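Q: Next come the chains, spelled out residue by residue.
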Amino acid sequence: MIMILFPISLFILSLFLGRYIIPANQILKILGNKFLGMNFDPLWTSAAETVIIQVRLPRAIMAALIGAGLSMSGAAFQGMFQNPLVSPFILGVSAGASFGAAVGLVLELPAIGIQALAFIFGLLAVAITYFLAHIYKSTPILMLVLSGMVVSTFFQAMLSLVKFVADDEEKLPAITFWLMGSLGSIEVDDLLIAIIPIGISMIVLFLLRWKLNVLSMGDRESRSMGVNNELIKTIIIIATTVITSTAVAFCGIIGWVGQVIPHFCRMIVGPDHKVLIPATMLVGAGYLILIDNFCRLLTANEIPLGILTAVVGAPVFAFLLRKTKGGWN
Amino acid sequence: MLKKLMLSALIMVITLPLFGCGVSATGAPRTISEETAVVSDKTTVLTDVPGETSIPDLTNATNREITDLVGRVVTIPKDPQRIAPMTGPSYEMVFMLGGQDRIVMTKSGHTTNYPLALLTNPDLANYDGIGANPSSSVNIEDYLKREIDLVIYYLNDNELEKFAAVKIPAIVLTLNTSLFENIDDVKKMTLDEYIYNSTIAVGTLADIFGPDAIAEYEVWKKYNTEKIHMLYDRSHNLSDDQLKSVYWGNTWGENILSSYTLMNRYYEIRLCGGSLVGHEIGNGNFPEVTTEQLFAWDPEIILVDNHGNFPELVIKDMYKEGSKWASLQAVQNKQLHRIPAGIFFMDKGTTTTLMLVWLATIIQPELFSDINVIEEIKYYYKEFYEFELTDEQAQKIIDGWYERVGDEPDL
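One line per chain: the protein sequences are P and X, in this order.
For the first sequence, my numbering assigns the number -12 to the initial residue and increments by one for each residue that follows.
For the second sequence, my numbering assigns the number 17 to the initial residue and increments by one for each residue that follows.
Calculated directly from the structure, the hints in this document are not laboratory data.
Check each hint, because a few of them may be wrong.
Subject to a maximum C-alpha distance of 25 Å in a straight line, what follows is the list of computed PhoX-like cross-link-like pairs (lysine-lysine) [to be verified]:
#1 X:K243 / X:K336
#2 P:K21 / X:K178
#3 X:K203 / X:K94
#4 X:K183 / X:K260
#5 X:K178 / X:K203
#6 X:K340 / X:K260
#7 X:K340 / P:K21
#8 X:K178 / P:K150
#9 X:K340 / P:K16
Chain P regions said to be covered by chain X (calculated; three or more residues, Cβ under 8 Å) [to be verified]:
#10 6 to 13
#11 25 to 37
#12 158 to 171
#13 277 to 291
Each pair of labels, with its calculated beta carbon distance range [to be verified]:
#14 P:P10 / X:K332: 30 to 40 Å
#15 X:S339 / P:V152: 32 to 42 Å
#16 X:N142 / P:T221: 53 to 63 Å
#17 X:D333 / P:S125: 48 to 58 Å
#18 P:A11 / X:K332: 32 to 42 Å
#19 P:G100 / X:S151: 18 to 28 Å
#20 X:D173 / P:L94: 27 to 37 Å
On a predicted model such as this, the values are computed, not experimentally measured, just so you know.
No residue lacks a Cβ here, since even glycine has one placed at the ideal position from N, Cα and C.
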């Protein structure tokens, strides 16, 4: 119950917090008129309504969506790879998407073009990883990890090349700021585009949470139990890649969420993915809403989301590692 | 020749008292406090010609020393003839002072992106152009093979050392950005200090080019001083309630939220009868204000910089029906204004004061109702570039006459 209340309460709270001061009763009336068909006299300014409906609401929903998606992806990968240190970016999706976005920025594409390139290159990077690792009609975990390293390294080098040729005054700041991650530019239209692939992929992961328990025993054991682990692995890789690519395309690199949250939840609910997957979804959603609130509230400047998730995530992860002594079963 | 020598001697004698002020004993950059005594001395026009730090040998030496704007003492040719203005505003400054025939190479973007720069100087298209940015890496062979004898470059110690290593004089004509540590320093600036800071780069360059350029500089400085005093006289008594709130955005990336370190423009906006929102935001490489913060400020006027990508699209996007920005009063009142651009962006180079005159008519139209900006721009171009603008061309400048062709940035 606490896990359910955690994201919901933070979501509601985030609608009431902001640098533009709006009385709480006005916020409730704005929401009532907009979503519940109420008819309060609109005594508030149009700016107040814009801030609630077009700034805070889509941003909080996107934070919840991406926090939940990245956390579920992290949990799924950690189960599949049988390793608690794995992040959703291990197959090279972030490096590929970063390269795609950087190319889009250098080519001065509009936002939708940049997002599309980031998404496409994120998928491409993982596809290359997958096919590099695919040997003897199977994709051993070790091969996946090593191929992911190769592909990540390649796309990081390509990203460096793009940064090297990008001009220092406009493009390089834009690339650098983009890579640090932010929900600052999220609009309702972005949300409507992102919610479909992320939502579908999250449903897929949710439905496969039973199979993850079998996969987490290892390739040989899962095969011996009659599970078509190649198919399950492929579906999980596709689902997590779609989530992470979409997240990176719209919000840049938001690290550590997919590592820390599953680890934290595993401490609370245990390693059973039937429970772990929904738990990471809820806690991840709340966590990213919380961090994003700090990003937009602490100063008049937008603090890049990736900075705060790393600043908070790394020590928390270190604490969890010490506390669990590296074990996770 | 004799006339030239006498004029140089006169400059030397009159600027002698400046030598201890131009650079501190340790060679540290100038500070406002160090310069106060200088800028308050306005009895003789030529005392305002900055640059020299040692008495040049006017008869035999082919070189002399000058102090650039960040306090570096550089040995340069007495009469450089093969120069490379590589910073954004430096081509326009050279052109205004009549030094275009000395240019051998410039920023590649400048040879393509400014239609008016090409109209006023058709030779510009034929100059060699290479990319240059504040932190880009210099290929010194580009400069050696063209036998450059003076480079105007960015404050980038590593790259400046490359020039020094091959004995190509490189000067910095950009005021040290750390001149003001916080907004209180900016607020304490006197009008004379502001005028000094905003004219010293052109003055230093004029001093390098010699008597004709100095004469041009004097006329230009007189124009600037008069205009700045005019702005000050009309705006300095405005109460806080009368000041219009102004936000300056779109300085990188592609949205209005990317911004300068906002205190940089505080003094100038105040001169024009405005109050810059966000001036408390300090330094940072990529300041981007939050969407909600812009709503909280709800500025009366939004200035859209040309440095970010697509300034025209940023404005169009903010004005479009259903835009999330629609409730900002600047959007409702059609008060989004792109910074004008002509030979260069008008907020930079020699035209900053002209930009302020335009800006004053935007911010306080009643207070500056007698100013015809079109005529003001035409006058400036005729007086300082010897180019007759049509009304349509002047209007294009106001609308931002800048057409980026290549990838080359223009700062």
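Q: All hints are to be evaluated individually against the structure, with a verdict given for each.
A: Verification of the hints:
1. X:K243 / X:K336: violated, 36 Å
2. P:K21 / X:K178: violated, 63 Å
3. X:K203 / X:K94: violated, 38 Å
4. X:K183 / X:K260: Not OK: X:K183 and X:K260 at ~50 Å, beyond 25 Å, violated.
5. X:K178 / X:K203: It is violated: about 37 Å lies between the C-alpha atoms, which goes past 25 Å.
6. X:K340 / X:K260: Holds. X:K340 to X:K260 sits at ~23 Å (cutoff 25 Å).
7. X:K340 / P:K21: holds, 16 Å
8. X:K178 / P:K150: The hint holds at about 22 Å.
9. X:K340 / P:K16: holds, 20 Å
10. 6 to 13: Holds, because 3 residues of the region 6 to 13 of chain P bring their Cβ atoms closer than 8 Å to Cβ atoms of chain X.
11. 25 to 37: holds (count 5)
12. 158 to 171: holds (count 7)
13. 277 to 291: holds (count 5)
14. P:P10 / X:K332: 30 to 40 Å: holds, 34 Å
15. X:S339 / P:V152: 32 to 42 Å: holds, 34 Å
16. X:N142 / P:T221: 53 to 63 Å: Once the Cβ atoms are compared, 60 Å apart, the range 53 to 63 Å for P:T221 and X:N142 holds.
17. X:D333 / P:S125: 48 to 58 Å: With a Cβ separation near 50 Å, X:D333 and P:S125 satisfy 48 to 58 Å, so the hint holds.
18. P:A11 / X:K332: 32 to 42 Å: Since P:A11 and X:K332 have Cβ atoms about 36 Å apart, the given range 32 to 42 Å holds.
19. P:G100 / X:S151: 18 to 28 Å: holds, 27 Å
20. X:D173 / P:L94: 27 to 37 Å: The hinted range 27 to 37 Å holds for X:D173 and P:L94, with Cβ atoms some 32 Å apart.
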